Amino acid sequence: MFRDALLVAGKDLRVEARSRVALNQVAPFALLVLIMFAFALDPDSGVLSKATPGLYWVAVLFCAVLAIQRAFAIEAADGNRDALRLSGLEPAGIYLGKMAAIAAQLVILEVLLGLGVVLLYGTKTAGWALLVCTCLAATAGIAAAGTLYGVLAAGLRVRETLLPLLLLPVLSPVLIGSTRAFEAARNGTPGEGWPWVGLLAVFALTYTIFGAFGFGPLLEES
Amino acid sequence: MTTQRSDATTTTAPPPAGGAATPDASGPIGTGSRGTRILGLATLAGIALAAYLALVSSPDDENMGDVVRIIYIHVPIVVVAYVGCMITTLGSVMYLWKKSRWWDVTAAASAEIAMVTTALTLVVGMCWARPTWGVWWVWDARLTSTAMLLLLLLGYLAVRRIPAESGARSKRASIVGVLLLPNVIIVNRSVTWWRSLHQDTTILNTLQPKIHGDMAFALYLAIPVALMMFAWLLVHRWRLAWLEEEVLDHDLDQAITDRRAEAGFDARSTTVDIGEATS
Amino acid sequence: MEPVVHLRSAVSLLGRFPALAGVDLDVDPGEIVLLQGPNGAGKTTLLRTLAGLLPVVSGTATVLGHDLRTDARAVRRRVGLLGHATMLYDELTVADNVRFWSRAAKARPADAEAALTELGLDGRLRDVAVARLSAGQRRRASIAVMVARRPELWLLDEPHAGLDAATRDVVDDLVRRAAASGATVVVASHELERATALAGRSVTIVGGVIPGPDEADPDGETAPPDPSPEVARVP
Amino acid sequence: MSDWAYVAMAWGITAVVLVAYAIWIIVRGRTLSRRVPPEDRRWM
Chain A
2 MFRDALLVAG KDLRVEARSR VALNQVAPFA LLVLIMFAFA LDPDSGVLSK ATPGLYWVAV
62 LFCAVLAIQR AFAIEAADGN RDALRLSGLE PAGIYLGKMA AIAAQLVILE VLLGLGVVLL
122 YGTKTAGWAL LVCTCLAATA GIAAAGTLYG VLAAGLRVRE TLLPLLLLPV LSPVLIGSTR
182 AFEAARNGTP GEGWPWVGLL AVFALTYTIF GAFGFGPLLE ES
Chain B
391 MTTQRSDATT TTAPPPAGGA ATPDASGPIG TGSRGTRILG LATLAGIALA AYLALVSSPD
451 DENMGDVVRI IYIHVPIVVV AYVGCMITTL GSVMYLWKKS RWWDVTAAAS AEIAMVTTAL
511 TLVVGMCWAR PTWGVWWVWD ARLTSTAMLL LLLLGYLAVR RIPAESGARS KRASIVGVLL
571 LPNVIIVNRS VTWWRSLHQD TTILNTLQPK IHGDMAFALY LAIPVALMMF AWLLVHRWRL
631 AWLEEEVLDH DLDQAITDRR AEAGFDARST TVDIGEATS
Chain C
217 MEPVVHLRSA VSLLGRFPAL AGVDLDVDPG EIVLLQGPNG AGKTTLLRTL AGLLPVVSGT
277 ATVLGHDLRT DARAVRRRVG LLGHATMLYD ELTVADNVRF WSRAAKARPA DAEAALTELG
337 LDGRLRDVAV ARLSAGQRRR ASIAVMVARR PELWLLDEPH AGLDAATRDV VDDLVRRAAA
397 SGATVVVASH ELERATALAG RSVTIVGGVI PGPDEADPDG ETAPPDPSPE VARVP
Chain D
535 MSDWAYVAMA WGITAVVLVA YAIWIIVRGR TLSRRVPPED RRWM
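Chains as they are written, first to last, in our numbering: chain A, 2 to 223; chain B, 391 to 669; chain C, 217 to 451; chain D, 535 to 578.
Hints in this document: simulated from the structure, not taken from any laboratory.
Mixed in with the good hints there might be a few duds.
[Unchecked claim] Ranges of calculated distance between the beta carbons of each label pair, as one might list FRET restraints:
id, chain 1, residue 1, chain 2, residue 2, range
1, A, ARG158, B, LEU434, 39 to 47 Å
2, B, THR582, D, SER536, 29 to 37 Å
3, B, LEU547, D, VAL561, 18 to 26 Å
4, D, VAL561, B, ALA432, 17 to 25 Å
5, B, VAL637, C, ALA382, 53 to 61 Å
6, D, ARG569, A, VAL108, 50 to 58 Å
Computed from a predicted structure; not experimentally measured.
Just so you know, even glycine gets a beta-carbon here, dropped at the ideal spot from N, CA and C.
Input sequences plus hints: build the corresponding full structure.
Below, the structure written as structure tokens:
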């Protein structure tokens, strides 16, 4: 199964390397979101710097929805889902492969957004260990749930509107957990943040297991 | 408490809500049956008694006054909403396991009822928050999780409404249905944890006024009555959902015979039960 | 020996629509069968049903020893379907596509290279993105993917469509060699003179139905159009 | 708005919504059941 996962992840990342949609469209969108927050919240009123962790993760969630739409758009083309069903790849392998590819792209986006926040909002970073662990756990959770709901919405005429409606409520614990963890890191009390990372890890694990089992039946139906 | 679900009672009598419909040639119409009539009448009586107890006979609370009467309807509706969710998840799990259409229809029916009652819970919750804290919405852990539950249910119903072959639709919906319960639990945990960070215990304890004496009786009567109402709604909604599926299948059998007729061959009756199609 | 394909009044669904409304068909190993019928008669649907992609809801249907009603997924690995859709990733190159799909089917890397050379794709075209290929080249890439996966049952839907004469000969040669080496082929095609020469026998489908011998239409005048001389309905 | 107004609002909205929902189910059940032959209606 993991061999299939590597194969699919490799394929997805190669498609991304060739078409550069994430780099040319989703990344600029991420920075755009940060700038719009700045317009909305008037930087020198202090609200922006106080709310930075939350804004950062809201931007990440929006980018995640786009990245997931993109990941399944390449499968929607020209009978590819039939090809996947005929390919002999294990559904769980396809799931883990696509999840890994999405997670990889998300990590790059998060680093980019991190730079954006540090430069644009001038936030000082502290508690690096907590920051990195939160990012990894949250990204795993977003990719796991995203891939499952992504294939569920794939191939449906209403997928653009259905995916956010299904995914964002489900990801609310990730938003809460990662924001609290980032705030703990910023307030210099990383001890408070670690339980939240635990919650993110549990979320990611739950969805990876559900996804591995649910992906096959859903691929059948899409 | 298991919800009492009268399923296949067969004799016919005029449905409680409608007049005595004159059964036409194709047998009695509507989703009523003797069982639902009895259940319906019992529920109506229960509601009347519960309303009387809650609104008239029970005393008002020392510090909250009459506002406490909202609790008598808030708690039962929340119970019905959560029971509905559990049945939806149970139905989805059973459908995935047994592929039985009966459970799939149960999941669909209880999801819709859960959605309606969850929305009501929010409205009643706001009617409670306004007099108590002077604001319509308060980021209280329970209210926020209920709002998330409503969104999760709307997502489930959206998936179920997408037109597709019934096997595909049921499987897609049941996977979302199975995820409903874990999602609710995880959301609930994180929201409660998040709110407890803010040590707003002052708000929290006013939510649990001291219920005692005949006030408690009014509340503990209202919950079973609400569950009877839920059972009655579920039975009718279940039959309606079954009819909706039948209408779709009926059109399909028609399509098969049309297709064969158009091809010039005899219209062999290929009776197809979509529910059992396993791909 | 056991037929590779055995269908008795099979009904399959395309969404809500009864794509196949009663098909009787038998195909033996090593056979090349031509599937004829007007547009929308269900040729593509029959091929996709044989590939285990569409649920069979009534009648009996076994392919390569698997019952399509319960075990459709097991059939898919052993079947090659060439349809109107290229089933390729447009952003990836020809070589990437063939390598990905053949490794997915656990085929040996050598098969991928062999398929590329056989379809004349190992030269300049090898590293061109599929998106920039012509329709004919794209179809040759799809065929290369299928050849590389070495399926036991070839399901070809209009294989000659959009190909130049030279490539059509390559395709016909590949099909004959595959059948000779024991694979079974079902070809759906409109180009009768070329396909009839290729196929051992032909079967006609109309309105999603291939009638069994017992219920051939009594009055006969609604018999489907008889395009080629030796149309024989073998039960 | 006095306390009783909110109590009335809470109970009123709940009653209206639930009754409307029940009637919608019953009415739709009657219309659909005319199009389905009796043997397919499990409870008949």
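Right, here's what the structure says about each hint:
1. Here the CB-CB span from A:ARG158 to B:LEU434 is close to 43 Å, well matched to the stated 39 to 47 Å.
2. For the hinted restraint 29 to 37 Å between B:THR582 and D:SER536, the CB-CB distance of approximately 33 Å keeps it satisfied.
3. A beta carbon spacing of about 20 Å between B:LEU547 and D:VAL561 agrees with the range 18 to 26 Å that was offered as a hint.
4. Range check, D:VAL561 to B:ALA432: about 22 Å between beta-carbon atoms, so the 17 to 25 Å window is met.
5. The supplied range of 53 to 61 Å is met by B:VAL637 and C:ALA382, whose beta-carbon atoms lie about 55 Å from each other.
6. Restraint check, D:ARG569 to A:VAL108: a C-beta distance of roughly 55 Å satisfies the suggested window 50 to 58 Å.
The structure meets every hint from the earlier list without exception.
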